[in-house]
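With these hints in hand, go ahead and build the complete structure from the sequences.
This is what each chain is made of:
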Amino acid sequence: MLRFALRRLLLALVVGIAVSAIAFMLLRISGDLAIALAGEDASPADVERIREQYGLNRPVIVQYGEWLWNAVRGDLGRSLFYPESVANLIMTRLPVTLTLSAMGLVIALLIALPLGIIAALKRNTWIDRAALGIAVMGQAMPNFWFGLLMIFLFGLALGWLPVSGSETIWHFIMPAVTLGWFSAPVLMRLTRGGMVEVMTSDYIRTAHAKGLPVRVVVLKHALRNAIIPVVALCSVQFGNMLSGSVVTETVFALQGIGYLAWEAISRRDFPVVQGILLLVALFYVVLTLIADLLNAWLDPRIRRG
Amino acid sequence: MSAPVVNAAAADDVMAGHVAEPVLEVQHLAVQIPVADGVLHAVRDVSLSVPRGETLCVVGESGCGKSLTSLAVMGLLPGGARRTADRMTFLGEDLLSMSPGRLRELRGNRMAMIFQEPMTSLNPSWTIGDQLTEPFIRHGKGGKAQATERAVFLLERVGIAAAGRRLVQYPHELSGGLRQRVMIAMALMCGPELILADEPTTALDVTIQAEILHLLAELQREFGMGLLLVTHDLGIVARVAHRVAVMYAGEVVESGPTTAVFDDPRHPYTRGLIDCIPIPGRNKPGTPLGTIPGLVPNLVGGITGCAFRDRCAYARAGCDGAIPVQAGAHDHGWRCVLSESVADSTPTEVRA
Ligand SMILES: Nc1ncnc2c1ncn2[C@@H]1O[C@H](COP(=O)(O)OP(=O)(O)O)[C@@H](O)[C@H]1O
Ligand SMILES: [Mg+2]
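Line order of the protein sequences matches chains A and Z.
According to this note's numbering, the residues represented by the first sequence are 1 to 305, in order.
According to this note's numbering, the residues represented by the second sequence are 306 to 657, in order.
Worth flagging that the hints you see were computed from the coordinates, not collected in a lab.
Small disclaimer: the values here were computed from a predicted structure and weren't measured.
Hints may contain errors.
[As the list claims (entries may be wrong)] Computed list of lysine to aspartate or glutamate pairs in EDC-like fashion (alpha-carbon distance at most 20 Å, straight line):
hint, chain 1, residue 1, chain 2, residue 2
1, Z, Lys-446, Z, Glu-410
2, Z, Lys-449, Z, Asp-435
3, A, Lys-220, Z, Asp-435
4, A, Lys-220, Z, Glu-410
5, Z, Lys-446, Z, Asp-435
6, A, Lys-220, A, Asp-299
Set out below in structure tokens:
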């Protein structure tokens, strides 16, 4: 297990460096940053001065090296708009997005696991079809539309939940449901598919032959095996929620990373955009690593790989 | 030889083995499975009985319904399969009308099953120790420590070295032979009165097949269990079985004490099977075994008359009608129009 973990860690490191390079390069090739910084009607001399000032006239590889070295030490540069460092800006917004995504994932699993298990056990009955119907509905409804619907219903009409802001846990419920609801169908389908396959396997027959109650057969013997691909998908979904929270955060006016990214892009605040790109990419790398380790822990056959 | 009995009730008793207080008794079991092109009558008429502490071997070509018969007893038939029987009892208790809860109390506790597929019958995500101790703890036989102690004892008993270390291993770390030994140990955990072993060695390396079958027979004697052993190995059957039931196309076509069936087979199919046994010295190892020519009939939609008649050298008028169940001495019964020994009958024509 330790060797497996070390190998995965090394791989994650390599991928991390690669994605940081991509995050850096993408912004360089998207246009001349000096012109973008100086503004539309700056004189060529101004542009040149900016180029000098930000070190943009040096070879790209040197700029990347410097940026990476600083990034490793936690220095992502300064925002061009806010009088703050990028690292600070991100750090103050990060808890909001993390809370939102974690709650979204929990809600997605709370919907997906029971529905997926029940659909699999009641395969090809009306219960199965109803569960599938719920899943299709979740995927068919756009995020913002569902969010607005909830704001209208629970926020305005019923007045049960606050409609914007991030002061209390109650503020997170509607946005988290919006996020989770959207992720639930794919998790549910995977759970159902895995359970259907596992329930017909020989070792489930063995479990029944031992006289185990259905609950133990399903939750201990079947789910443990069916959940393995779901765990991997969860980390991808969590990454999607982190990066895809732009819409949700905007609808509910949550001051998170997604909102910050949207602001930074519209203001051409490129150090912030770069920082967020790097952060989200690293999140993906870390999540993949966690998923790998979790999978190995769940499936003893992987551990020795 | 006594005169054949064509009395239906008496013949039923004969086919079932008619013994006092059997641990398992099955009368006229049928299993139907809906398939794409109709209803498959996979098991059509199976009656058998396993007396306490005895071994009944069930033999027959692949596909004749042996696995479904054992699964029907355990209540483990695949979804959609329909099970009917006149009688099916475990130590006198009716299995047909039994509540799921009561069935769970018996399964893995007083009756246990060993499957044909050792490679896939253990859960890949749990250790051998966890899976072995599970039925013991679940059926209230004792705590974790006692369960572990018994698991180690049984693993050693089924011939697994370093048993203590095996407990923390996962199934994928064990060979097929070891996994089947684990399955055997698991079946023994609660000290069952009946073991159903469905071709426990078919999937294993030939070199260890006989060893495992002998182990099973030995354990059966040692623990005084009833054993229903499904196997292809007629050599083993001759040595370990008290009684034999020969199945063909979903029916028991002949049953009786092992010596009677082997020395005086009455059904041409039984005779064919016995003729296919390799004899050391006569058949060189590695040469293919003899087989009965012809194909097993399709059982979708059912079949009337003798299912073997298309392959039978003794087929005659009457084989397409109702087939009588006949009885000889010592509860020897067979389902055939022939009443004399196959050896004394003349083939009607030779079919290939
Ligand atoms: N789940 C199933 N669905 C459809 N047909 C099945 C199923 N299980 C078994 N059968 C069919 O039933 C017949 C008897 O099967 P089985 O009891 O496994 O035979 P045996 O164990 O004697 O080889 C075979 O023709 C087999 O194809
Ligand atoms: Mg079989």
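Outcome of the hint check:
| no. | hint | verdict |
| --- | --- | --- |
| 1 | Z/Lys-446 with Z/Glu-410 | 12 Å, holds |
| 2 | Z/Lys-449 with Z/Asp-435 | 10 Å, holds |
| 3 | A/Lys-220 with Z/Asp-435 | 11 Å, holds |
| 4 | A/Lys-220 with Z/Glu-410 | 19 Å, holds |
| 5 | Z/Lys-446 with Z/Asp-435 | 15 Å, holds |
| 6 | A/Lys-220 with A/Asp-299 | 13 Å, holds |
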